[in-house]
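Novice: Residue-level listing of the chains:
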Amino acid sequence: MRILSRSVARVLLLASSLTALSAVGARAETTLNLCYMNHPVIAANVTILEKWAKEQGVTLNKTPVSYSVYLPKITQMLSAGATDQCDIIWNNDDWGQDLEGYLASVEDVTEVRNVAEGQLEPFHNKEGQTTAVPIVTTAGIFFYRTDLVPEDQVPKTWDQLVSVSKKLQEEDKVRWGYVGGMSYTNTFFSFWWTLWNNNCDIYEPLYERDNVKMGEAGWKPMTASACQKETAEFWWDALHANKISPPGMTTYSRDEANAIFQAGDAAFTVADTTFLGNFNNPDKSKIAGKVGIATFPQGPNSSGHRNWIDIWGWSIPKVIDAEKQAAAKKLLGAMMTDVDGQIEQWHLTGGPPPNTKVWKVLDEQDPNWVKMSKILFDSAHVHDAYYFRNWAATHKVYSDVMIRAMKGSREDIQATLEAGVQPIHDGAPK
Amino acid sequence: MLLLVAPAALVLVCFQIIPIFIGMNASFRDWSLVNPAKTWIGLKHYRDVLSDPVFLYTVLPNTFMLMVSSVVLSLASGLGLALLLNKPFFGRPVVRTVILLPLTVAPVITATMIRWSFNDQFGVITNLLSVLGFPEIGWLSDKWPSFSLIILTDVWIWAPWFTIIILAALQGLPREPFEAAQIDASGKWRTFTHITLPMLKPVIIVCVLIRSIDAFRTFDQVWILTGGGPARETEVFSVYAYVEAFVHLDYGKGAAAAGLGALIMLVVGIGLYKLVNRLMEVSR
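Protein sequence lines, in the order shown, are assigned to chains A and B. Using the UniProt record's numbering, the first residue of the first sequence is number 1, and each one after it goes up by one. Using the UniProt record's numbering, the first residue of the second sequence is number 1, and each one after it goes up by one.
This is chain A alone, in the form it adopts within the complex:
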């Protein structure tokens, strides 16, 4: 009996020692859960994080989440105060203001402020501190086929876009002139780039995004304005009269539009620069090596080229413990200072590196970067969203109004736009 007791005691001692040892081991290695959308540029940035996680003895658990459920999933997780799901999340300026209250300040992350002016504003918390570390500057750009259109003949105006497209279509060189996403949340790739390059916007004052100033101006929609009507008529003609774009384009997301462009069936498109890598990847694209970039063709009312540039970033939930927050910040700081990693991200995807210091390095060595940088950053800018709680619903209302205008007759465009004024006004903050 005594022998048995002694054996049991030894086993217990051994087991408790092993448990203690494994606990020490577990404490030595921090695990961070990374939740993100599986977009080429985010995936490229995750590769940088993985490299540094290994270096810093951090285990990185990757959880890609579908875009269609990403926002509700993350919002629910944050508002419920869950601590066991995501330690680092992908954040987007569209909803940066919604989530800021749930996110830790990342002001102390190395070189976090090395971004283009005003880019972190949508992620500011009440104290004016940023809650996001940049992954990439997202911006749309005009892509064209270099094998079909010489650089000096790239359309500079909407009229030229139509005439060059029609010529290429008549010569049977291409099935469609222009293709771009048009369905809800893809509004940027058709309606909005033309709107912003026709001296127009969704609310007055033009290109303003400060809610206080917008409130003072009464959140007045520009939906029924002449510049908006010109924009709607341009797209109606593109779909139905000039037929430079597929009639089904009203349903296209960027994926369908990109697929048509990559299949070589369209001469022009507007997409995020981050798809340049896919367009030039021979495994994915029939037009690899034949893709050029240019400024947006201008509308009749334009007062100069205007781009949207905004940041995608990484954020850290406030509720996770201090040790994990510190590890996450250290990891993100390593990414921000990894010049080679960011240059690799640019080469793979066409996404401008998150740290503007790296831009200066690229200025010296990469003519493609210089060209893109000139188009994106040497022009006037606009934020691609408004920053109020109901913006997603209001964006949907705007999209529905425009799609309705596209599906009706040309004569009804003005009336359709006028019918959208009140709902878009009602969507704004009171």
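Hints were generated in silico from the structure; no laboratory data involved. Check before you lean on any hint, since a few could be wrong.
Reference listing, derived: stretches of chain A covered by chain B, where coverage requires no fewer than 3 residues with Cβ under 8 Å from a Cβ of chain B [to be verified]:
{"no.": "1", "segment": "71-84"}
{"no.": "2", "segment": "247-256"}
{"no.": "3", "segment": "387-393"}
Derived pair list, reagent style BS3-like, types lysine-lysine, alpha-carbon separation capped at 27 Å [stated by the list, open to error]:
{"no.": "4", "chain 1": "A", "residue 1": "Lys-243", "chain 2": "B", "residue 2": "Lys-143"}
{"no.": "5", "chain 1": "A", "residue 1": "Lys-430", "chain 2": "B", "residue 2": "Lys-143"}
{"no.": "6", "chain 1": "B", "residue 1": "Lys-38", "chain 2": "A", "residue 2": "Lys-73"}
{"no.": "7", "chain 1": "A", "residue 1": "Lys-126", "chain 2": "B", "residue 2": "Lys-38"}
{"no.": "8", "chain 1": "B", "residue 1": "Lys-38", "chain 2": "A", "residue 2": "Lys-318"}
{"no.": "9", "chain 1": "B", "residue 1": "Lys-143", "chain 2": "A", "residue 2": "Lys-73"}
{"no.": "10", "chain 1": "A", "residue 1": "Lys-229", "chain 2": "B", "residue 2": "Lys-143"}
{"no.": "11", "chain 1": "B", "residue 1": "Lys-38", "chain 2": "A", "residue 2": "Lys-396"}
Predicted model, so just to flag it, every value in this text is computed and none were measured. Glycine included, each C-beta is placed from N, C-alpha and C at the ideal position.
Starting from the known structure of chain A, fit chain B onto it as the hints suggest.
Specialist: Okay, now just chain B, sitting in the frame of chain A:
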């Protein structure tokens, strides 16, 4: 006895009853997913939904149109297939298996497959129709073609379900009435309408009842094929509730829409149930 049903009851309470109460509680509160203040606001969300012209004049008519057309067409196709499969022929087990395949595929996958098949640029079916000289149709961009595709997808998924149940019922029918009809030189159509169909009526009625309730909450096919577009013209009840709750992140209004849908379905269900009872009595 109570202990025997306890595990099932516990699961039911945890995963059905409690979530329903949480949802209903949310429908009376200011419950945004971003800022769940949960302030009591009474019937405001219900009033908002019921005064929304899109809900009244687009969403509800679309929902009932989808329900009726899908059930009728699935029943007709299922009945036809069941009658065909009820006859012995070479390779019948293989055909039976193949016909049941759509039922084994997730609706999301079926809808994605149909969406790409009817894609205006790369779609197999659109290209085939074009080669055959048919005029171009905006299958996914115009209201009625896209609504037809939603119905077609639903029929594609659910016709096998009708087939399998009606086939089982057909194989269980007594032989004597058919032999008597044969002796009386009754034609095939007359035998079908006067013997087969009346004897199948109880099974068909139950199938229609279950499927109608199910069709009311169709989501996957509509969301994948059209997302409720163009400009909300193909939106159905479940998409409306989903968009409010998980796109606009207004969980309270989404819950109110779902609650209203449940009430409407309850009324429709009771109506259908009474109709079923009446039809059953008449058929006896």
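Novice: At least three residues with a C-beta closer than 8 Å to a C-beta of chain B: is that true for the segment 71-84 of chain A?
Specialist: holds (count 5)
Novice: Keeping to a limit of 27 Å between CA atoms, is the pair of Lys-126 of chain A and Lys-38 of chain B held or broken?
Specialist: 22 Å, holds
Novice: Is the Cα-Cα distance between Lys-38 of chain B and Lys-73 of chain A 27 Å or less?
Specialist: This hinted pair holds, its Cα atoms lying about 19 Å apart.
Novice: Is it true that the CA of Lys-243 of chain A sits at most 27 Å from the CA of Lys-143 of chain B?
Specialist: 20 Å, holds
Novice: Are the Cα atoms of Lys-229 of chain A and Lys-143 of chain B separated by 27 Å or less?
Specialist: 23 Å, holds
Novice: What's the verdict on Lys-143 of chain B and Lys-73 of chain A, does the C-alpha distance respect the 27 Å limit or exceed it?
Specialist: 31 Å, violated
Novice: For Lys-430 of chain A and Lys-143 of chain B, compute the direct alpha-carbon distance and say whether it is at most 27 Å.
Specialist: 34 Å, violated
Novice: Quick one, are Lys-38 of chain B and Lys-318 of chain A close enough, alpha carbons at most 27 Å?
Specialist: 21 Å, holds
Novice: Assess, step by step, whether the Cα of Lys-38 of chain B is no farther than 27 Å from the Cα of Lys-396 of chain A, and give holds or violated.
Specialist: 25 Å, holds
Novice: Are there three or more residues in the segment 247-256 of chain A whose C-beta lies within less than 8 Å of some C-beta in chain B?
Specialist: Three-residue rule met by the segment 247-256 of chain A, so holds; n is 6.
Novice: Within the assertion that chain B covers the segment 387-393 of chain A, do at least three residues meet a Cβ-to-Cβ distance smaller than 8 Å?
Specialist: Holds, because 4 residues of the segment 387-393 of chain A bring their Cβ atoms closer than 8 Å to Cβ atoms of chain B.
Against the hints set out earlier in the document, violations occur for numbers 5 and 9.
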